[in-house]
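There are 2 protein chains.
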Amino acid sequence: MLSCDLCNGEAVIYQRHSNRHLCKKHFIRDFEKRIKYAVNKYKMIEKNDKIAIALSGGKDSVVLAFVLSKLYGKRRDIEFIAITIDEGIEGYRPPTVEIAKNIAKNLEIEHHIVSFKENFGLTLDEMVRIGEKKPCSYCGVFRKYLLNKTARELNATKLATGHNLDDETQTIMLNYIHGDIERLARLIPQRVQEDLILRIKPMREVYEKEVVIYGLLNGLPQDMNECPYSYFPVRAAIRDFLYEFENKYPGRKFSIMRGFENLIPCLKELYPQVKLNKCERCGEPTSKNICQACVLLDELKTKLEC
Amino acid sequence: MLSCDLCNGEAVIYQRHSNRHLCKKHFIRDFEKRIKYAVNKYKMIEKNDKIAIALSGGKDSVVLAFVLSKLYGKRRDIEFIAITIDEGIEGYRPPTVEIAKNIAKNLEIEHHIVSFKENFGLTLDEMVRIGEKKPCSYCGVFRKYLLNKTARELNATKLATGHNLDDETQTIMLNYIHGDIERLARLIPQRVQEDLILRIKPMREVYEKEVVIYGLLNGLPQDMNECPYSYFPVRAAIRDFLYEFENKYPGRKFSIMRGFENLIPCLKELYPQVKLNKCERCGEPTSKNICQACVLLDELKTKLEC
Chain A
384 MLSCDLCNGE
394 AVIYQRHSNR
404 HLCKKHFIRD
414 FEKRIKYAVN
424 KYKMIEKNDK
434 IAIALSGGKD
444 SVVLAFVLSK
454 LYGKRRDIEF
464 IAITIDEGIE
474 GYRPPTVEIA
484 KNIAKNLEIE
494 HHIVSFKENF
504 GLTLDEMVRI
514 GEKKPCSYCG
524 VFRKYLLNKT
534 ARELNATKLA
544 TGHNLDDETQ
554 TIMLNYIHGD
564 IERLARLIPQ
574 RVQEDLILRI
584 KPMREVYEKE
594 VVIYGLLNGL
604 PQDMNECPYS
614 YFPVRAAIRD
624 FLYEFENKYP
634 GRKFSIMRGF
644 ENLIPCLKEL
654 YPQVKLNKCE
664 RCGEPTSKNI
674 CQACVLLDEL
684 KTKLEC
Chain B
384 MLSCDLCNGE
394 AVIYQRHSNR
404 HLCKKHFIRD
414 FEKRIKYAVN
424 KYKMIEKNDK
434 IAIALSGGKD
444 SVVLAFVLSK
454 LYGKRRDIEF
464 IAITIDEGIE
474 GYRPPTVEIA
484 KNIAKNLEIE
494 HHIVSFKENF
504 GLTLDEMVRI
514 GEKKPCSYCG
524 VFRKYLLNKT
534 ARELNATKLA
544 TGHNLDDETQ
554 TIMLNYIHGD
564 IERLARLIPQ
574 RVQEDLILRI
584 KPMREVYEKE
594 VVIYGLLNGL
604 PQDMNECPYS
614 YFPVRAAIRD
624 FLYEFENKYP
634 GRKFSIMRGF
644 ENLIPCLKEL
654 YPQVKLNKCE
664 RCGEPTSKNI
674 CQACVLLDEL
684 KTKLEC
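Listed in order, the protein sequences are those of chains A and B. The numbering used here applies: residue 384 is where the first sequence begins, and numbers increase by one. The numbering used here applies: residue 384 is where the second sequence begins, and numbers increase by one.
No lab work stands behind these hints: they were computed from the structure. Keep in mind that the hints are not guaranteed to be accurate.
Just so you know, same-sequence chains aren't split out, so a pair can sit in one copy or run between any two.
Said to hold, decoys possible - Heads up, simulated BS3-like pairs for lysine-lysine below, C-alpha to C-alpha not over 27 Å straight-line:
{"id": "1", "residue 1": "661", "residue 2": "684"}
{"id": "2", "residue 1": "488", "residue 2": "671"}
{"id": "3", "residue 1": "651", "residue 2": "424"}
{"id": "4", "residue 1": "631", "residue 2": "516"}
{"id": "5", "residue 1": "631", "residue 2": "517"}
{"id": "6", "residue 1": "541", "residue 2": "592"}
{"id": "7", "residue 1": "661", "residue 2": "532"}
{"id": "8", "residue 1": "424", "residue 2": "457"}
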């Protein structure tokens, strides 16, 4: 039995980046410390916030709801609600919606389930059958649209998502490699845009592996299924590289994050925040005249009528 | 036989990034076009320049000397000289010094060979035996020191090195991953610093593979041996990743370069150019009081006296 480097307890994890074995108690403490660090660093959670948690029911969002509730749930000046988007993906989404329901109930968080079908008249499965775009093109646009709209209608001040350190560094590297500095600038935390609910990522300083272990140690349901439509070959190549690289040179994901953060002041200058328009069709925020959700819906309706 | 996409000639290369087969004539034209593009973009070569070429005798620097001489050698307002640093690496360096001599002679470029032994009293092999640092730590410092000093003493206005697109993108990625934005800023082309001869990299827009093929097609000597001291495991991991990635998604090295270039305005603001001091010992430029070459020489001398 390997023992914890901070006490004599049984180690549950070897943290490569800190070169420490940690027991359950000390790992949980360390994990939560880094959540609080990220939250404080970017003032993600403030007095009088009403935070909408994007709760898909997958492993990341379940841990997010649990840890935010544990760390901030007792504060009377902060309120949490949860929003689950049901895209309508047969076989894949229903079980996680159930998980989301249960976790929200257990954590006593007000829960809202919003579906593509009710809002757009079509499930994602139907969109994919009708349309010509890739599933993720529909899903990305409509999911973000509904999350933002629902959060705003519920008077949320912020929208918390379950992105972890692995997700964030993959996206940063993806943008470096594509040379897409404008998209890189969108990753700046606390980037306020009118009518867009401010997004926060409290788990940006913890590894995906740690999220899984934290979930296990807290007896949280872990749905590890991947969306059947998931297809990101470029991101997967970067993920695999970073995984191997991190294995050889632990802590590099942190340094990627720090490097990105060092660029933030000038990214802000290169790409100042733009004032968004209101979509002429639905009134939701957009950088154009008509928002991408309305454009895609039009395309799908035309297809349906043919 | 595969034929050139621009004529009916026999193809000598398949350019993945442009999805073209090219014959000898069209490949050479394309290669040289990109050299000129890089040179013009950053005003690397201007009227009345005296350009010192860092000519190690390896495959890259030989192509560099050849192509610069071919493209700009006839201009009366531009002068080229070549500097070869003989670090004193038994078995490895002597043959490339011979190659450098021959190529400079053939191209009718004034050639200067400068050795560690003459300047510092020790060869690199001796330094490695005496000192405790890694070979590349000595070599990097002393080679750059001698290149800069020699170029300045010969009244060169610029120092051209053979870095290609692969080298540059590896360094860019290395700095992203290490989160070292200050080092990233050092890669800005045309970064003027007093007493430091301006470095130019005319081959930054051509792939290493293209450099090799261009050299072969022009009958240039190709020394493919690697320095026996060469040991850059982190860079090697990034090189391998980029190689595989570029194979799957051709042209990514260009997009990495474009992304870096998009960051240049803000890198310049984050890290404004510093005025360098003169080393109290040798008078060469340094950001400290005593330059790193003098510091290392002191260490080596102390070791020798023990």
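Right, here's what the structure says about each hint:
no., hint, result
1, 661 / 684, "within (22 Å within a copy, 72 Å between copies)"
2, 488 / 671, "neither (39 Å within a copy, 62 Å between copies)"
3, 651 / 424, "both (17 Å within a copy, 26 Å between copies)"
4, 631 / 516, "between (38 Å within a copy, 22 Å between copies)"
5, 631 / 517, "between (35 Å within a copy, 20 Å between copies)"
6, 541 / 592, "within (26 Å within a copy, 50 Å between copies)"
7, 661 / 532, "within (12 Å within a copy, 61 Å between copies)"
8, 424 / 457, "within (21 Å within a copy, 59 Å between copies)"
Violation of the numbered hints given earlier is confined to hint 2; every other hint is satisfied by the structure.
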